[in-house]
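Enquirer: First to last, the sequence lines map onto chains A and B.
Heads up: the first sequence begins at 1 in the working numbering, then just goes up one per residue.
Heads up: the second sequence begins at 1001 in the working numbering, then just goes up one per residue.
Hints are not guaranteed to be accurate.
What the hints assert, rightly or not - Computed footprint of chain A on chain B; a stretch qualifies when at least three of its residues, placed anywhere within it, have a C-beta under 8 Å from a C-beta of chain A:
id	segment
1	1408 to 1415
2	1485 to 1497
3	1508 to 1521
As the list claims (entries may be wrong) - Simulated crosslink set (DSS-like; lysine-lysine; CA at most 25 Å straight-line):
id	chain 1	residue 1	chain 2	residue 2
4	B	1497	A	245
5	A	319	B	1497
6	B	1497	A	69
Quick caveat, the hints were computed from the structure, so don't treat them as lab data.
This one's a predicted model, so the numbers in the text were calculated from it and none came from an experiment.
The beta carbon of each residue, even a glycine, is placed where N, CA and C say it ideally should be.
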Amino acid sequence: MSKGEAGRAMKQGQTSPGPGSGGPSFARSLVSVLASLQLTVALLALSLAMIFVATLDQVHLGVWGVQQKYFHSFFVMAKVPGTDFAVPVFPGGYLLGGALLLNLVTAHADRFRLSWKKSGIWLTHLGLILLLIGEGLSGLMQRDGQVRIDVGQTHRFVESFRESELAVADVTNPGYDDVVAIPVARLMGQDVIQHPKLPFTLKPLAYYPNATLRMRSQVTNAPPSMATMGDGTEMIAEPTPVTYKPDESNWPTGYVELAGPEGALGTWLVSEMLDQPQTFTYQGRTWQLALRARRDYLPFTLTLGKFTHDIYPGTDIPKNFASTVHLRSDDGRDDRTVQISMNNPLRYGGYAFYQAGYANNDHTSVLEAVRNPSWQIPYASCALISLGLVVQFGISLFGFFRKRGGAVPQPAPARPAPSSP
Amino acid sequence: MKKNLSLIALALCLLWVVSTLVPRGNSGPFDLEGFGRLPVLAGGRIKPLDTIARTGLLMLQGRQRAVAPNGKEVTPEEWLLDVFFVPETADAYQVFRIDNSDVLSIFGLTRADGDGGVRFSYRQMQAGMDELDRQTHLAEPVENAERSAFQRAVVELRSHVEFYVRLKFGLQAPGIADLTAELSDTGRIRALHAAFESMDTFSSLRPIPPRKPSADPAGWQSVGRSLLGAASPSEVDPHVLVYAVLGKDWRELQPAAFNGALRSYRDELSLRFPEAARRSGIEAFFNQAEPFITSLFLYVVAFLLAAISWLAWPEPLGRAAFRVMGLAFLVATLGILARMWLEGRPPVTNLYSSALFIGWGSVALCLVLEQLHRNAVASAAGSMIGFGTLVIAHHLSLSGDTLEMMRAVLDSNFWLSTHVVTVTTGYASTFLAGFLAIIYILRGLLTRSLDRRTADALARMVYGIVCFATLFSFVGTMLGGIWADQSWGRFWGWDPKENGALLIVIWNAIILHCRWGGLVRQRGMMALAVFGNVVTAWSWFGTNMLGVGLHSYGFTSAAFYGLIVFVASQLAVIGLAVTPLAKWRSFRGVKA
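If we strip away everything but chain A, and leave its shape as in the complex, we get (with noise of 0.2 Å):
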């Protein structure tokens, strides 16, 4: 396409008011300033500088809290030197997004008229629109967490990499467990937490988003501890700051107190540090109590058969990692073998399980399931792009190429080409 075309286009937009214009000429300025090339340069020059700063800034957050800070928020906020109080100090990603959507829709109802011409922009754009709606969707539909399993064991669940819950379970019947899951949102709280299936109430007393469990007998002049049954009694919590870093992990811990219509059954300190269930009667029923990774139940079985992790020889650098996996669904229409390696993941169920890593001599693996509904969106727009991309500049070098072609430069260049040739 000719510079001075697109130019021209975009100062009609800006300047010429259109007909019937004054009482409605600052509606039409706003569309010509929200429809302009120089917002879109200003929000593309932008975004190049946050994320710039938000990848700078991933040594001292990790990729987690950069996204975070920067990607998924609409301001990108920093605290006040010397204070707790944050202001916001750029535009964060679903703000920059936003905008640049806006501008792209704006500018396409506004100046862009369909033609073959520019059909190239029309579908990179269209493209780009699904490209940022996708984005948009994945951050705020995407949930990602973890199957462990060992080898020959047997699972139903995903477990949430950041989100823990507080399972409350019967295990009095050999057969099965009763499970409330309480999710820790409710332990932040002061409310007192009811459920019809449990015999008791829940206090929240304490939360901690980090902290470290200690024995209060390695401890000198420790304080007493507020659980006064289970585990917790010979414990104390220290409430640790969060941390972002990719090989460190937070633990979770709070205290709640227990009470029947009786009156209060005692104070228990939970935290996902402990291995096991702490496990209590009441009125002739076995109960057991964790905090723990919260837990998504598929309708489905995943059985590890077996792990293998092959190294090249004579070094150990690893060359494939494989799970052989046998799925098996609660209605009973898939009961098959299927084997999930690196670049090889088992989509089954609105889940993606893909091999991430493996633990105890090569007795466990690690399998990171992802259920995203718009995965499929990226895969459209960037087809759409793609294909408006390689129309718009093949129109550019056809035309480039037909000038050439003429022996005698061409009168008038800046004039639009003719529309017969």
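Go by the hints and put chain B onto chain A.
Expert: This is chain B only, laid out in the frame that chain A set:
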């Protein structure tokens, strides 16, 4: 003469290229070339001993040339033979490069003790080895990014010493003078059990081929492992004996016996392991021909010819530049093809090969541009980038064998050949637009040679290349997203390398929109294109220096300073671009 200048230049360069391809043969009585072609398993693949010797020397001292303790210059093979079989001599070779003066004081050495002030021998360092170990233990817990220059130098030198010591256990344990004699007696074999065990533990070489020919490299064994399975002389693997005989003859300076044993082993290999023998032979030839070094010098010649052509004899010199660049391109292409064949992989597999490919891609585009415009501008830009990327590649090769095995997550030829090649082409074209813009700015500001026609032609070139770069960097980045979605479950994870690629796409989009919107004209577009160099360099190297994310593959601090200098130089050029038009020598008195 003037008319045939380009042909003469081409012929001279071609002659030189051919001379590098002629096998050099052996200068002494020993068949060192044949020894260098022997295949061994190391680093997960079968490679010739020549590669072990060359990459080892490059890693230890930054060059392949070695000087024996007696002052005689030797081939990499001779050094390797001494390391294997005459360790007391090898220890006196000054092949350990030490640049950090504080590290020298660990050993109580001064610059005057070293070859060229920087290269020292194992023997010179021996008294300070315990202190080096202690300093390494102090430095190791510190994260790589936070280590001081001294700590980094200590850790690096320690790893070089370890590499060297392991190499000494490759074919026979140090301290055994004549392995053939030891292996002739059951009692002596038994007595050496501990030595064989340490040979198996320390050495990372597996030179002994499997008893039954098989394509699986896992069957190759270390000498130590093979000997641990032999209880009596009759059970010793004949190939172990071959190396023992070669060692004895090398120590005792018996070239005839050495060459004889070598010849019969090579005959056997080419009969029983034809594939391994052929590949090793070709790799050793490739190492010796050094196509990328040849190409590097040819790019210098091409650049000089192109630059001079703007001052005098534009037509013949311009054509000569084009032809010499074409020859350099051809040599680099052959080199890249040879690497692809040896590795069985697409062209880009690691940082080193990305440097080769960025240069290759830029020069390919320049050959097309030069055909269209014939003003030597594309030849100059192409040879500049070709030269620069090969220099970068040379520095990257100092960390060891550049034909590495691919880690599990990267082990996908499909994605390597689509995503990696496309995104690297995007890098290459963004650099090309930037270098063309540099030529525009420098010629326009400092010389009178940038006439209106050339300026417009350059503007068209830069615009076209930016379009090309947008397409390839975008498609490449998106293919990367799709690979990520296929292999670890998210299309986009804001990993530093992904962000870097995205920044290139955004920057190219900014250039295009600025131009379409009339926000910049010719000069402004050139300044923006030069900043594209900064964005691309940061994305290519800067992101690797952060040490986070799935794509980070380790880095040296020297590259960090290189990046700073490069960015500063580009900003300086942008500063020049915004000088008022009245100061531009080419445009003075001309309405721009």
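Enquirer: Quick one, are residue 1497 (chain B) and residue 69 (chain A) close enough, alpha carbons at most 25 Å?
Expert: Distance of about 19 Å is within 25 Å: holds.
Enquirer: How does the segment 1408 to 1415 of chain B fare against chain A when you require at least three residues with a CB closer than 8 Å, holds or violated?
Expert: Check passed, 5 qualifying residues.
Enquirer: Mind checking, does the segment 1485 to 1497 of chain B have 3 or more residues with a CB under 8 Å from chain A?
Expert: holds (count 12)
Enquirer: Under the criterion that the straight-line Cα-Cα distance not exceed 25 Å, is the pair residue 319 (chain A), residue 1497 (chain B) satisfied?
Expert: holds, 23 Å
Enquirer: Between the segment 1508 to 1521 of chain B and chain A, see if three or more residues pass the 8 Å beta-carbon test, and mark the coverage as holds or violated.
Expert: Held - the segment 1508 to 1521 of chain B has 9 residues with a Cβ nearer than 8 Å to chain A, which meets the minimum of three.
Enquirer: Between residue 1497 (chain B) and residue 245 (chain A), is the straight-line Cα distance small enough, at 25 Å or below?
Expert: holds, 18 Å
Violated hints for the displayed structure: none, as all numbered hints are satisfied.
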